[in-house]
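K.L.:
Please build the complete structure, drawing on both the sequences and the hints.
Here the protein sequences come in this chain order: A, B, C and D.
For the record, in the first sequence the residue sitting at position 113 is 113 according to our numbering, with numbers rising by one throughout.
For the record, in the second sequence the residue sitting at position 112 is 112 according to our numbering, with numbers rising by one throughout.
For the record, in the third sequence the residue sitting at position 134 is 134 according to our numbering, with numbers rising by one throughout.
For the record, in the fourth sequence the residue sitting at position 23 is 23 according to our numbering, with numbers rising by one throughout.
No lab work stands behind these hints: they were computed from the structure.
Note that the Cβ used here is the ideal one computed from N, Cα and C, for glycine as well.
Any given hint might turn out to be false.
[Stated by the list, open to error] In silico EDC-like pairs for lysine to aspartate or glutamate, Cα to Cα no more than 16 angstroms straight-line:
(1) K215(C) - D2(B)
(2) K100(C) - E31(A)
(3) K183(C) - D136(A)
[What the hints assert, rightly or not] Chain B residues, not near chain C, derived (Cβ > 12 angstroms throughout):
(4) R166
(5) V188
(6) P206
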Amino acid sequence: MTGSGFGVGRLRWHWFAAFAAALLLLPLVSETNTPTLLAIWALFALSLGLMWGYAGLLSFGHAAYFGLGAYTYAIASFNIGESTAPLLLALLVPALVAAIIGAMMFYGRISDVYLGVMTLVVTLILNRFMNATAGDAYRIGNARLGGFNGIPAFPTLNVPGDPGEQIYGTPYYYVVVICLLGAYLLARWILASSFGRALVGIRENELRMELIGYDVPALKTLIFSVSAAMAGLAGCLFANWAEIVTPSVFSLGQSAEVIIWVIVGGLGTLIGPMLGAAVLGSLKIALGSQTTVDNSLVLGAILILVVLLIPRGFAPALVAWRRRFASAQAHRRQARGTRRRHVVIRDADA
Amino acid sequence: MDYAAVVVLEILYMIAFLALISAGLAVVFGMMRVINLAHGELVMLGGYATIASSKAGINIYVAMLIIAPIAVGLIGLVVERLIVRFLYGRMIDTMLATWGLSLLLIGLVTLIFGNSAVSVPAPIPGYQVGRYQMGGYNLFIIATSAILMFSMWLVLRYTRVGLIARGAMQGADVVAALGHNPKTIYMVTFTVGAALSGLAGGILAPLTGLLPSVGGSYIAKAFITVITGGAAVIAGTLSTAVVFGTVNQLVSFASTPVIGEIAMLALAMVLLRLMPQGVTGRFFRSST
Amino acid sequence: MALSRRRFMTAAGTSALAAGLPFRPAFAQGAPIKLGSILDNSGNLDIYGKPMVIATAMAVDEINAAGGLLGRKIELKQYDSQSDIALYTKYAQQLVREDKVDVVHGGITSASREAIRQTFRRSNTLYFYNVLYEGGVCDRNCVVTGTTPAQAVEPIIDHAMKKWGNKIYTLAADYNYGQITAKWVAHYVEDRKGAVLKTDFFPLDVSDFGSTIAKIQEAAPSFVCSALVGGAHLAFYRQWAASGMNKKIPLASTTFGVGNEHLALSGAEGDGILIAGNYSQEIATPANKDFLARWQKRGGDTKIVHEIAVSQYQGIMLWAECVRKAGSIEREAVLKAIESGASIEGPAGLVAIEPKTHHAALDIHLMLVKDQKLTILETFKQRPPSDTAQYCDLQKNPGENKQYEVKI
Amino acid sequence: MSDAAVETRELSVRYGGVLAVNNVSFALRDRELRCLIGPNGAGKSTFFKSVTGQVRGGQASGRVLIRGQDVFGWPTHRIVRLGIGVKTQVPSVMSGLTVEENLWLSARRTLGRQGADAAVDEVVAELGLEGFARRQVGELAHGQRQLAEIGVVLANKPWLVLLDEPAAGITSQETERLVAIIRRINRTAALIVVDHDMHFVRMLDATITVFHQGSILVEGRTADVLADARVREVYLGSRAR
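P.N.:
This is the structure in structure tokens:
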């Protein structure tokens with residue numbers, strides 16, 4: 001996968017504003033229940049896209065942190081009642097767990113397929129354990145873990161400071177969209193920072209980065225933890241949307257699905273994973289609304305075709321199309337010969 | 001005393017089970033660095049092939065030892081020619097394509113065989129160990145798994161085909177240097193890997209009920225066994241199968257199968273942490 | 001969950017507005033009645049779901065063929081939850097907010113029921129749960145036509161202890177159904193001075209029972225009682241037969257046969273298992289014969305018809321009967337018809353609703369698996385759901401919204 | 001004893017049965033230019049790696065001092081942060097990034113954002129990289145890539161530079177330019193250059209240390225060392241006599 005420069009040029013505010021406006025105006029034209037779920041899945045895909053696309057860290061078990069965020073929120077909200085603290089915990093717990101596991105892996109010089117297996121094992125352990133906690137003994141405070149049944153009907157997100165006033169429906173959609181846009185801006189800020197550029201350097205050549213003095217394991221652990229916190233936030237938002245948390249949030253399928261969203265959407269971009277999550281997510285929901293065609297058959301066929309025909313995913317394909325369209329303008333700009341420090345090379349984040 | 005014998009037999013069974021379901025994946029991953037996420041479904045297809053042919057009156061042993069491997073081997077060949085062939089060297093894309101393939105196979109089998117569980121009774125009756133009743137078929141599995149592993153080792157170690165295969169393990173250029181077209185080597189290897197998966201599915205069919213979605217339970221264990229095993233195909237997979245099988249069953253006996261599995265997974269993490277390139281990255285370096 | 005008053009009011013307010021129920025001017029005669037259904041048509045639980053999806057479509061088609069309800073056609077909104085609890089909540093919200101259905105028949109595992117029951121209660125959408133379960137649900141908005149432990153579990157334990165002895169080893173699926181049913185088994189065993197030696201719980205995806213079979217032999221019980229669920233657990237019965245244990249220690253089960261396990265196993269493997277339930281294809285009533293014939297005529301394979309597919313069919317027919325009695329589709333009116341003691345004659349016999357618990361008194365058949373058939377040993381007419389009735393009286397306190405568990 | 005730039009005391013490294021570095025004591029003064037030569041397998045690279053903390057999988061003993069600070073056992077990035085620039089035997093650059101981005105990452109680690117931009121311009125000018133500064137390193141010719149890598153090494157202003165076979169695979173014309181660059185670096189920094197290319201070593205005309213079977217055979221000025229019988233015998237083989 002050839003690199004795409006630091007992958008992030010200056011943010012073109014007009015594109016971002018258009019993207020944000022479209023999301024915020026959506027409730028006027030359509031219901032918000034499914035879009036909320038798609039936005040949550042987009043946030044989840046963004047977290048993996050950031051870590052994998054830019055720092056080269058492929059996790060087979062990214063659902064572990066999505067699930068930890070969901071369960072932490074559900075358990076905390078039962079015990080605390082008011083939802084602001086549980087929301088923060090839903091970010092901190094996955095980040096902390098990821099920091100510990102990340103440090104263990106990265107300082108152990110574990111990389112590529114072995115990193116994949118290690119992260120897969122973590123999510124399998126969580127899945128198997130949570131699946132076996134239906135007995136009465138398994139409870140934290142007054143929250144029963146519930147095993148396969150999951151934890152239903154916990155107090156959902158409320159307006160900070162006013163536990164009575166729960167947020168759901170369209171207002172909740174806005175909360176999720178704001179989280180998504182905030183996470184996107186955070187990702188952009190990280191990638192534009194020296195820390196973000198060092199990550200891209202690590203993706204390109206770990207040894208060289210070590211030789212010029214970067215503490216590679218520490219940087220990897222940091223982005224692993226930040227990405228886990230973002231996934232935890234997505235998990236927490238999912239818990240509040242579904243109003244139930246079940247061990248399937250840790251499942252192998254969930255981890256594989258997010259990898260597919262990122263690849264199909266476009267690895268090495270930020271918009272790509274979000275696009276992939278929205279498109280494939282809505283496809284899965286649509287397939288679920290009918291029982292004539294077996295949905296695994298359709299999804300399987302699509303994945304194979306995407307890999308063979310659009311190997312680098314939708315976003316880069318879109319960019320390539322846009323580049324051809326924009327090449328005329330480029331000639332005009334070339335004439336003016338403006339000199340810029342860091343040329344944006346083939347970045348889908350327009 | 002006989003309770004201990006039962007425990008040992010159960011451990012041997014789990015080791016044989018892990019080796020069987022990992023063999024096909026080990027060959028494909030060991031030889032070609034291809035991660036086949038549809039491996040579980042190929043095992044499932046082996047099971048269905050055995051059941052379909054045994055229901056059609058063919059002797060169960062012929063069905064599982066001959067028909068299943070050949071049928072799934074052919075399916076593997078088709079898959080290699082249509083999909084995997086274009087993706088050599090692109091690990092992520094092969095993973096995505098084979099994941100799509102596994103969903104496709106689940107959908108197809110559900111369409112053809114329907115989704116109600118099918119199965120065929122274990123051909124070997126139970127037998128007595130002291131006052132314990134043991135599944136005779138488990139012994140058959142232990143035996144076939146041992147024979148399979150030994151014969152794979154023999155082929156790799158002492159035959160010309162084995163030499164070429166081990167060359168392929170080092171990389172495509174080595175194979176080319178040996179005067180063979182890497183493409184055909186990979187085609188044959190993927191087919192053999194698929195056949196081994198089919199064989200495993202066939203042998204296991206009488207033991208666990210078969211559902212289109214049963215592949216999911218195999219892929220995780222096989223994947224972890226092979227990867228933690230490291231580069232050497234036989235020695236790596238076998239060593240981790242022994243370690244994981246023992247730990248899984250011992251802890252299962254001491255507590256519940258769930259804790260047994262979690263113990264196995266935790267051990268995999270520890271092994272990977274201590275040996276970042278897998279068990280045979282450190283020990284048995286020179287073995288196949 | 002302390003359902004805060006404010007939230008409940010706003011929810012009730014908005015959804016009523018959204019559904020436009022109370023303010024709809026006059027009934028448009030032509031407007032179709034919407035029936036929603038969520039079932040696992042794929043994944044590990046599809047051995048239960050697929051036949052239920054067919055039964056749902058059959059019931060709706062038959063009602064429509066007979067001129068629909070109150071002169072209006074019934075429109076079926078069927079969703080496939082793909083054995084994923086999260087999709088249950090997704091589609092429950094979709095049924096309430098977008099499809100605005102008048103009634104929902106859905107949910108297979110108790111886990112999926114508990115995931116969606118509150119959503120339907122909050123939005124005042126009448127909800128039918130047509131599957132055998134662990135009992136105890138006390139919710140005016142929910143009607144249950146499946147069997148409860150008092151109806152199906154007690155006869156098994158009673159018969160098995162008389163026949164085989166009083167030392168029992170229980171195996172159960174590790175979720176609310178398995179956990180609570182295991183308590184009911186212990187409850188009935190101790191009533192009869194027996195002893196449950198050990199209870200093992202297994203998550204739904206466990207398929208290796210080697211160590212368990214050895215432990216059972218170690219404990220040497222008089223018989224094993226199984227409340228295992230799903231395709232993966234089928235492996236237990238196979239490994240039990242493969243080791244020859246089915247000749248040594250008898251087996252009783254509260255769930256065997258419900259997923260057509262007796263068809264998946266060979267005759268030798270399944271013979272001798274004692275079960276009890278509301279339905280068997282061997283029931284000799286004309287209603288059952290006719291039902292199976294109609295199922296066949298629709299091109300369905302009658303082999304896959306099992307208890308909960310029939311319960312789903314009967315649940316829809318019972319709902320239709322109550323709508324006819326109420327003369328309206330309004331939830332309150334239908335509930336009043338239900339609470340006036342509605343009943344229908346289904347393929348599994350008489351299904352009569354008990355006003356106090358919204359559960360159904362059902363004919364229970366004690367059966368033995370023989371050559372892949374469920375042969376009936378004994379039939380108990382109209383066994384009441386006495387376990388739920390102990391705790392739940394919806395006439396005295398209709399606002400109740402709780403699932404009671406047996407206290408041993 | 002003024003702190004030497006680099007000093008090793010009884011340094012030994014063993015890989016299984018092989019004793020790659022055998023009890024080597026070595027010292028390099030500040031701003032000195034030292035060349036390490038020796039036949040393949042003489043232990044040059046292993047010695048090099050011990051100084052940069054890249055020895056993995058072998059048993060090492062003894063002490064490695066950088067300006068008096070014992071860095072034995074430190075991870076590479078901590079050693080390098082003392083102000084050392086390292087170019088490994090195998091070319092190692094961020095091929096997906098532009099030359100400028102490579103240089104920027106190296107400079108940024110020591111000089112802060114503004115300092116980094118200035119340092120990048122300085123290195124580009126000094127090594128004459130203007131022509132391809134904005135192209136991706138992966139797309140450059142071998143010689144250009146070598147230069148870019150040396151640029152990356154210099155960008156964070158190291159006071160000690162370690163070069164492992166910088167002259168490998170480059171034309172004689174580029175070798176002359178390389179020698180000029182090394183001389184300019186030597187004005188402000190000490191250097192250890194490991195190489196085989198005798199033509200290049202003669203042009204450098206620095207103090208030479210000859211490695212043989214893991215230990216130091218002889219040390220001295222270029223002319224004396226190349227004339228030394230033992231070196232000739234070990235290194236150039238009896239034919240050369």
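K.L.:
Beyond 12 angstroms on every Cβ pair: is that true for P206(B) relative to chain C?
P.N.:
violated, 7 angstroms
K.L.:
Does the alpha-carbon distance linking K215(C) and D2(B) stay inside the 16 angstroms limit?
P.N.:
Answer holds: K215(C) to D2(B) is near 13 angstroms, not above 16 angstroms.
K.L.:
Does the claim that R166(B) lies outside the interface with chain C hold up, using a Cβ gap greater than 12 angstroms?
P.N.:
The claim holds: R166(B) sits with its nearest Cβ about 34 angstroms from chain C, beyond 12 angstroms.
K.L.:
Regarding the pair K183(C) and D136(A), is the alpha-carbon distance no greater than 16 angstroms?
P.N.:
holds, 12 angstroms
K.L.:
Given the hinted pair K100(C) and E31(A), is their Cα-Cα distance within 16 angstroms?
P.N.:
holds, 13 angstroms
K.L.:
Is the claim that V188(B) lies outside the interface with chain C correct, judged by CB distances over 12 angstroms?
P.N.:
holds, 33 angstroms
When held up to the earlier numbered hints, the structure conflicts with hint 6 and nothing else.
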